Amino acid sequence: MKQRLAHAAVLITILAVCLCLFPTKAYAYLDPGAGSSILQLLIASLLGALYAAKLHWTRIKSFLAKCRGTSVPTRKKSRL
Amino acid sequence: MTESTATVLKHAAIGGSSDRRLPSSFRDPGGFLFVRDGILYRQVNRTYQRHYDLLQDSGLYKELVSRGLLIPHEEVLLDSDSQVAYKTLKPEVVPFVSYPYEWSFSQLQDTALATLQVQKLALRFGMSLKDASAYNVQFRSGRPVLIDTLSFERYAEGAPWVAYRQFCQHFLGPLALMSCVDARLGQLLRIHVDGVPIDLASRLLSWRKYFSFSQFIHLHLHALAQRRFSAKARPTGFRRLSRAGFLGLIDNLETAVRKLRWQPQQTHWAGYYSHNNYQAVAFQEKTRIVADWLDRMVPAVQSIWDFGANTGHFSRLASQRGIFTVSIDADPWCVEMNYQQCCRQGETQLLPLLLDLSNPSAAKGWQNQERMSVLDRGPADLAFALAMVHHLAISNNLPLRKIAEFFSRCCKRLVIEFVPKTDLQVQKMLDTREDIFGDYTQQAFEHEFGQVFSLRERASIVDSGRTLYLMEKVT
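Respectively, the protein sequence lines represent chains Y and E.
Position one of the first sequence corresponds to residue 1 (the working numbering), numbered consecutively onward.
Position one of the second sequence corresponds to residue 1 (the working numbering), numbered consecutively onward.
If we strip away everything but chain E, and leave its shape as in the complex, we get:
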């Protein structure tokens, strides 16, 4: 377990006793997650015993783990209430917990396909997913993996898929909206904790304009059925869902998800490296300095958050040195390109994420404790803030003191670039507005960051007027 993972667990767990239950783990009566002595465990309750035994005895667990679709665990012996607890599991911990509203289109699509693949395999082994929450899937070694071992139940012949509605809300609806209408509609997942309501997805997706058989069935007709039967029980003696019908449903959902494509326009940020202020020499120099500093820090640094990562050039300097790197950008297309490159190259140490630093993910859900804020998931051993400060200070009117305070809360070390007012990028920003940023000077920058960080290294980037700093948080 990395230090940053331990920190996440520390923030995520609640309770005063030595066992601290994770605040996001309370809905499923089959068990829950808890932390003891900094280690994450999952309790399997006796009520879930027959399902858990079937998961193991049928060979489904082994099959899913061997395919990298389910998080592996080991059964451990801990003193627990034997009246309630059946088993205690020690699952492998993912290096960083991310949420669907922080994923690009392809990331959400891949998690949807992984969920359906798990369901198809589960059916082969006589089981079925009892939920299909996007929050149950995380990225491990670059690929989506189901982290909820208790998501399976014995398949009851004839019963409909209980997770069908949730799958449409968490995956199909948001993906269809991102693909057909606008990729930014994926952010609806921030507002709707249990996925985009089907009637809302149906309303935003004109079926005449974006007609697709699968979307028509699973979204438009689904919304109609929900309206029609919202306050009605299933009549007794109702038809059963045959196994063939069940398989047909899953297959059709898979086809629907697989067919969706996102063909975005080239954004300003996606072409940033090719038409920015950098001279090739300056860019190479910056790359060399960052790589040199990384080489000197590698043993001590295990996790990096790269803010304003664009398509991940500097993130890869870290990930290629075996450091787990979260590559953060606010532009959906940059994150999409970054993720596609990860997939093409089979990168395992890089996680691209969609985050706006001026409005980072907040704590959400019940009691604001179900989903962690970005700061709850830190601090990282190191953060990159390359070519970021001028965007925060000038585009977002953020005082340098507040910027320094933010970084001091999310990392232990910081590689940051100061971009002076003479820089072409800053000049462009000031072209269209009054310069009210008298305090935006290198001296003020060093003073404000010096309040919370101590300077370790400083290097000027030739031909650019920019300066790189390596800082360490003052303890």
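Bound conformation, chain Y alone:
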């Protein structure tokens, strides 16, 4: 639990800093979805990387196993 909270704290700090980096004076009123759009842009790289890692997880595991000299059983592919 402590480790989870520590991870959360690091994550909050990084993302809060990212959010605060955006200037506030240059904007005019827009629809309430603006925050949602900006959040997507902020988290896209992280989620994209996680997704890529998930897709290639079998290959990554095989590579790591090869480095360690052990074999890894193959996994079923995702449905989509």
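Treat the hints as calculated values from the structure; they're not laboratory data.
There's no promise every hint is true.
[As the list claims (entries may be wrong)] A short, non-exhaustive set of chain E residues, derived as facing chain Y with CB atoms under 8 Å: (1) Pro160; (2) Ile217; (3) His222; (4) Ala225; (5) Phe229; (6) Ser230; (7) Ile289; (8) Glu405; (9) Phe406.
[Unchecked claim] Cβ pair distances, simulated, as ranges: (10) E:Arg203 with Y:Ala49: 25 to 31 Å; (11) Y:Ser45 with E:Ala362: 54 to 60 Å; (12) Y:Phe63 with E:Arg124: 26 to 32 Å; (13) Y:Ala49 with E:Ala156: 20 to 26 Å; (14) E:Glu75 with Y:Arg68: 57 to 63 Å; (15) Y:Phe63 with E:Gln320: 49 to 55 Å; (16) Y:Arg68 with E:Arg27: 54 to 60 Å; (17) E:Lys90 with Y:Ala49: 41 to 47 Å; (18) E:Arg344 with Y:Leu64: 37 to 43 Å; (19) E:Gln340 with Y:Gly69: 43 to 49 Å.
[What the hints assert, rightly or not] Listing some non-contacts, in silico: residues in chain E with all C-beta distances to chain Y over 10 Å: (20) Arg143; (21) Ala244; (22) Gln302.
Quick caveat, the model's predicted, so the values are computed rather than measured.
Where is the CB? At the ideal position from N, CA and C, for every residue including glycine.
Chain Y is fixed; fit chain E onto it per the hints.
For chain E alone, kept in the frame of chain Y given last:
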């Protein structure tokens, strides 16, 4: 189209001309639903032409329909304003329109996953969902299906998902609240027509107590971003959302939804059949009588509403005879168990729904016409009210006359059980309160229901003191 569906359309449509536009179909400039001669059509406007053509030409429509994820339609020729109308579609009609606040946890979860699956397929075919409303998904043959054919738009490389906020409000927020805090919080969807506000979901879900990476991103950080950028435009030259990032977002939302679980406590109602007043013989006898009456009514009865269905024992007597049955209960866990059984057994004629008969779903939304009340969606050909009357009359202080009036408005025929005061269940109810129900007698019951129904059958249930009635509404 069943008779009950036609009735729903009659109630749902407005307008004095022969074409009556559905009052819930006005937000999307791409087209709208209307009813002509009792048949439901969808007009595709010229402004939506390129998106509709892409849906068809890319093969996405065919793929989604073949997977049962999109309602099928046929293109028809109707005389319409060719300046505005591009095509007219005749979609398949779902047997009963239900709403997210009437679904159990797993029903909402399955509709969320179906929406994300549609979005993933759409991206493969160069399109994207332009909205992610839970109201765009309905249950057909037991599984969720997208009913809004105009929900797709050409995918613009680099653009964020316009429906992201709506998905979080309609699906992720309510599901997280139901899973982590209390399943009854799903009822927030009744108050908030466009889904549970993200800041409210974030506030109710303590991230320290229920920490999850996905919830943190999509709810807590989302709420923070909304606060931070609520009155600000996107600056020009802002970063684009890469396709990989888009796919990552959808995948993460899917993981977040899939991981949510609801492990409720056993409720009083969920164990009702196993520890109630029934002797096994009486229960079997009641089942036999209802089944016998159903067998005699099958050709004439196409839709049944089973009020107080519990986990659906009597609903299944009907659905197993091919009659579409809405299995209604006020207990979230009963509805959840009922739905899970439907999924396990691949049942197609049963729709479990969460509804409190003492406070049934009202008409909601703009001009109280966007979402129909329960009564607007009827009448059913037949209703079951088995072991219900004593709960309504004694627990809810409802006069028998008002109960009879309600059933006369929601069904054409009624199978109802009278439970006398000598019954153990009624005795338990009266143990803790003064008996102010002098009018609660079998004679008064027959008199009040006789005002609006005519008696067709009557059968005593052995060893129970209870009586079953089959009634038909007086026209």
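Going down the list of hints, with the structure as the test:
1. Below 8 Å, beta-carbon pairs count as interface contacts, and E:Pro160 has one with chain Y at about 4 Å; its hint therefore holds.
2. Taking 8 Å as the C-beta contact cut-off toward chain Y, the hint placing E:Ile217 at the interface holds, the least distance being around 6 Å.
3. Against a cut-off of 8 Å between C-beta atoms, the interface hint on E:His222 holds, since the closest Cβ of chain Y lies about 6 Å away.
4. For E:Ala225, the suggested interface contact is upheld, since its CB lies about 4 Å from the closest CB of chain Y, less than 8 Å.
5. Because the closest C-beta pair between E:Phe229 and chain Y is about 4 Å apart, less than 8 Å, the hint holds.
6. The beta carbon of E:Ser230 is positioned within 8 Å of a beta carbon in chain Y (closest approach about 6 Å), and the interface hint is therefore held.
7. At a threshold of 8 Å, the smallest CB-CB gap from E:Ile289 to chain Y is about 46 Å, leaving the interface hint violated.
8. The interface hint given for E:Glu405 is broken, as the beta carbon of that residue sits about 43 Å from the closest beta carbon of chain Y, more than 8 Å.
9. Because the smallest distance between the Cβ of E:Phe406 and any Cβ of chain Y comes to about 40 Å, over 8 Å, the interface hint for this residue is violated.
10. Taken as a hint, the range 25 to 31 Å holds for the pair E:Arg203 and Y:Ala49, whose Cβ atoms sit roughly 30 Å apart.
11. Against the hinted window of 54 to 60 Å, the Cβ-Cβ separation of Y:Ser45 and E:Ala362 comes to about 45 Å, which falls outside the hint.
12. Y:Phe63 and E:Arg124 have their C-beta atoms about 27 Å apart, which keeps the hinted 26 to 32 Å range intact.
13. About 23 Å separates the C-beta atoms of Y:Ala49 and E:Ala156, a value consistent with the hinted range of 20 to 26 Å.
14. A beta carbon spacing of about 59 Å between E:Glu75 and Y:Arg68 agrees with the range 57 to 63 Å that was offered as a hint.
15. For Y:Phe63 paired with E:Gln320, a C-beta distance near 54 Å keeps the hint of 49 to 55 Å intact.
16. For the pair Y:Arg68 and E:Arg27, the beta carbons lie near 56 Å from each other, so the given range of 54 to 60 Å is met.
17. Range check, E:Lys90 to Y:Ala49: Cβ separation about 45 Å, and the 41 to 47 Å hint holds.
18. Against the hinted window of 37 to 43 Å, the Cβ-Cβ separation of E:Arg344 and Y:Leu64 comes to about 39 Å, which satisfies the hint.
19. For E:Gln340 and Y:Gly69, the Cβ-Cβ distance of about 46 Å falls inside the hinted range of 43 to 49 Å, so the restraint holds.
20. Chain Y leaves E:Arg143 outside its interface by the beta-carbon criterion, the shortest separation being 16 Å against a cut-off of 10 Å.
21. Distance check on E:Ala244: its Cβ comes as close as 4 Å (rounded) to a Cβ of chain Y, failing to clear the 10 Å threshold; non-interface status is violated.
22. With a minimum CB-CB distance of about 36 Å to chain Y, E:Gln302 clears the 10 Å threshold, and the non-interface call stands.
Hints 7, 8, 9, 11, 21 from the earlier list are contradicted by this structure; the remaining hints agree with it.
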